[in-house]
Each structure stands twice: as structure tokens, then as C-alpha cells.
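Position 151, counted from 1, in the sequence shown is what the UniProt record's numbering calls 151; the numbers after and before it change by one each time, with no gaps.
Worth flagging that the hints you see were computed from the coordinates, not collected in a lab.
Keep in mind that the hints are not guaranteed to be accurate.
[Claimed, not checked] Derived SDA-like pairs (lysine to any residue); straight-line CA-CA distance at most 25 Å:
#1 Lys16 / Ala170
#2 Lys16 / Met113
#3 Lys95 / Ala110
#4 Lys95 / Val186
#5 Lys171 / Asn136
#6 Lys16 / Asn51
#7 Lys171 / Glu158
#8 Lys171 / Gly185
#9 Lys171 / Trp82
#10 Lys95 / Arg210
#11 Lys16 / Gln91
#12 Lys16 / Met153
#13 Lys16 / Ser53
#14 Lys16 / Arg87
#15 Lys171 / Tyr118
#16 Lys95 / Gly70
#17 Lys171 / Met83
#18 Lys16 / Ile59
#19 Lys16 / Pro52
#20 Lys16 / Gly72
#21 Lys95 / Trp82
#22 Lys95 / Asn9
#23 Lys171 / Phe207
#24 Lys95 / Gly72
#25 Lys16 / Tyr133
#26 Lys16 / Tyr48
#27 Lys171 / Leu182
#28 Lys95 / Ile19
#29 Lys95 / Leu182
#30 Lys171 / Leu103
#31 Lys171 / Ala130
#32 Lys171 / Thr86
#33 Lys95 / Leu79
#34 Lys95 / Gly185
#35 Lys16 / Phe54
#36 Lys171 / Gly190
#37 Lys171 / Ile209
#38 Lys171 / Leu79
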Amino acid sequence: MNYRPSGFNFLPPVIKNLIIINVLFFVATFALGNSMNYNLVEILGLHYFENPSFGVWQIITHMFMHSPVGFGHIFLNMLVLWMFGTRLENQWGSKRFLNFYLLCGLGAAALHMGVLWYEFNYGATEMVRAVAYHTNAVGASGAIYGILLAYGMTYPNEPIYLYFLFPIRAKYFVSIIAIIELFNGVTNPGSTVAHFAHLGGMLFGYFIIRYWRRQQFRY
């Protein structure tokens with residue numbers, strides 16, 4: 001079955017709605033926090049599964065939460081989603097794109113949890129174990145990194161202009177990002193940046209696309 005739309009949409013429906021939902025969650029973080037002392041980051045962010053604050057819903061909800069410290073986190077994620085996701089949604093169709101996005105987010109959470117378990121049980125220092133236990137993860141970054149990976153696999157030779165000046169092929173750009181994330185994750189245990197969640201999104205995205213290709217894009 002072919003899910004491709006007939007024309008190119010510069011703001012396809014899934015991306016548009018994902019941006020709206022993320023912005024609404026971001027606004028609600030401030031609105032409820034200021035008016036009702038309601039900490040959405042604590043409630044909806046993804047905690048380590050042995051932490052009393054963990055809730056099963058967080059496996060999904062953390063993907064729509066972003067750091068309330070400034071606008072950079074949500075702005076960059078939504079910009080990358082639009083820049084790299086638009087072409088994919090136009091080619092794949094909305095249903096496949098949404099499923100891919102959510103599965104990458106779940107994959108990011110799975111690898112992140114696995115690394116937290118390892119750090120909590122085998123962390124080299126007490127600080128590493130404490131960070132693993134107490135820090136919660138928020139953001140669409142895991143799913144976004146899956147989108148980046150998909151772009152690099154689908155359009156490997158497409159030029160990407162770094163800082164709008166220097167062209168680099170998409171496959172090399174994505175590979176460099178993956179290497180940087182792996183390096184940062186390995187060399188900075190206990191970091192409050194979820195590097196392995198980013199890698200989890202990319203890893204799951206890779207296997208999903210490989211599976212689709214083996215199935216000749218029957219979905």
C-alpha cells in the first residue's frame with residue numbers, strides 16, 4: 001500500500017500537530033507551575049524505574065516535555081523536526097511517519113533506562129549513581145535523533161549546509177553526530193544530558209528502516 005501524498009506540504013499534518021502539542025506542554029509547564037505549583041516536569045518527565053516518582057505514562061509523556069530553563073531546548077528540537085521531518089513525512093505519509101517518530105522515542109527511553117540501570121548498579125562513583133537515580137529525562141530529542149538517522153539513510157548524499165556555509169553529505173553528518181553522542185555518553189557518565197537516549201532513537205530508527213526495506217516498504 002502506498003501512503004505517499006500527492007503533493008509536497010511544507011508543514012505536513014503530523015509535524016504540525018507534534019509542534020503544537022510540544023508547545024502546549026511547554027506553556028502548561030509554566031502556567032500550572034506558576035498558578036497551581038504543579039510540577040509537570042516532575043510528573044511527566046521520565047524517571048528511573050526504581051525511583052518512587054516513576055510512572056508508566058512517563059515512557060510516552062516525556063517525549064512531549066522540554067526543559068523549562070529557556071527556550072533553546074524546545075526551539076532546536078522543533079526546528080530540526082520540521083527541517084528534516086518534513087521531507088520524510090511527505091515521502092512516507094503521515095501514518096508511517098508518526099509511527100516511526102513514536103517508536104524512536106520509545107527506543108530512546110528503552111536504551112536510556114538500560115544505561116541508567118547500569119549506572120545505578122555499577123556506577124564508578126556515588127555521584128554517578130545518584131544522578132542515574134534522581135535525574136529525569138524530558139524532551140523529544142530521542143525521536144528527533146531517529147528522524148535525523150532516517151534522513152541520512154533515506155537521502156544519504158543530500159547536502160546539509162552547516163551554519164549555512166559548509167556542505168556535508170547527510171550520511172556523513174548523521175555519522176558524525178552519532179560518534180559525538182557515543183563519545184559524550186561514554187566519557188561523561190552521570191551527565192544530565194541523555195546521550196544514550198539520543199543513540200537509542202537512532203538505533204531503533206536504523207532497525208525500523210532496515211525492516212521496512214526488507215519488507216519492500218509494505219507497512
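Under the criterion that the straight-line Cα-Cα distance not exceed 25 Å, is the pair Lys95, Ala110 satisfied? Judged against 25 Å, a Cα distance of about 23 Å means the pair holds.
Holds or violated: Lys95 and Asn9, Cα atoms, limit 25 Å. The hint holds at about 15 Å.
Regarding the pair Lys171 and Asn136, is the alpha-carbon distance no greater than 25 Å? Violated, at roughly 31 Å.
Restraint status (C-alpha distance of Lys16 to Pro52 at most 25 Å): violated (35 Å)
Given the hint that Lys95 pairs with Val186, does the C-alpha gap stay at or below 25 Å? With Cα atoms ~35 Å apart, Lys95 and Val186 exceed 25 Å; violated.
Sort out whether Gln91 lies within 25 Å of Lys16, counting only the CA atoms. holds (16 Å)
Pair hint Lys16 and Ala170, alpha-carbon separation not exceeding 25 Å: Roughly 24 Å between the alpha carbons, so the hint for Lys16 and Ala170 holds.
Given the hinted pair Lys171 and Leu79, is their alpha-carbon gap at most 25 Å? Since the Cα atoms of Lys171 and Leu79 sit roughly 20 Å apart, the hinted pair holds (cutoff 25 Å).
Is it true that the CA of Lys171 sits at most 25 Å from the CA of Tyr118? violated (31 Å)
Within a Cα-Cα threshold of 25 Å, do Lys171 and Thr86 meet the stated pairing? holds (18 Å)
Lys171 paired with Ile209 [C-alpha distance capped at 25 Å]: holds (14 Å)
Hinted pair Lys171 and Ala130, Cα distance within 25 Å: violated (37 Å)
Hints 2, 4, 5, 6, 13, 15, 16, 19, 24, 25, 26, 29, 31, 34, 35, 36 from the list above are not met by this structure, while the remaining hints are.
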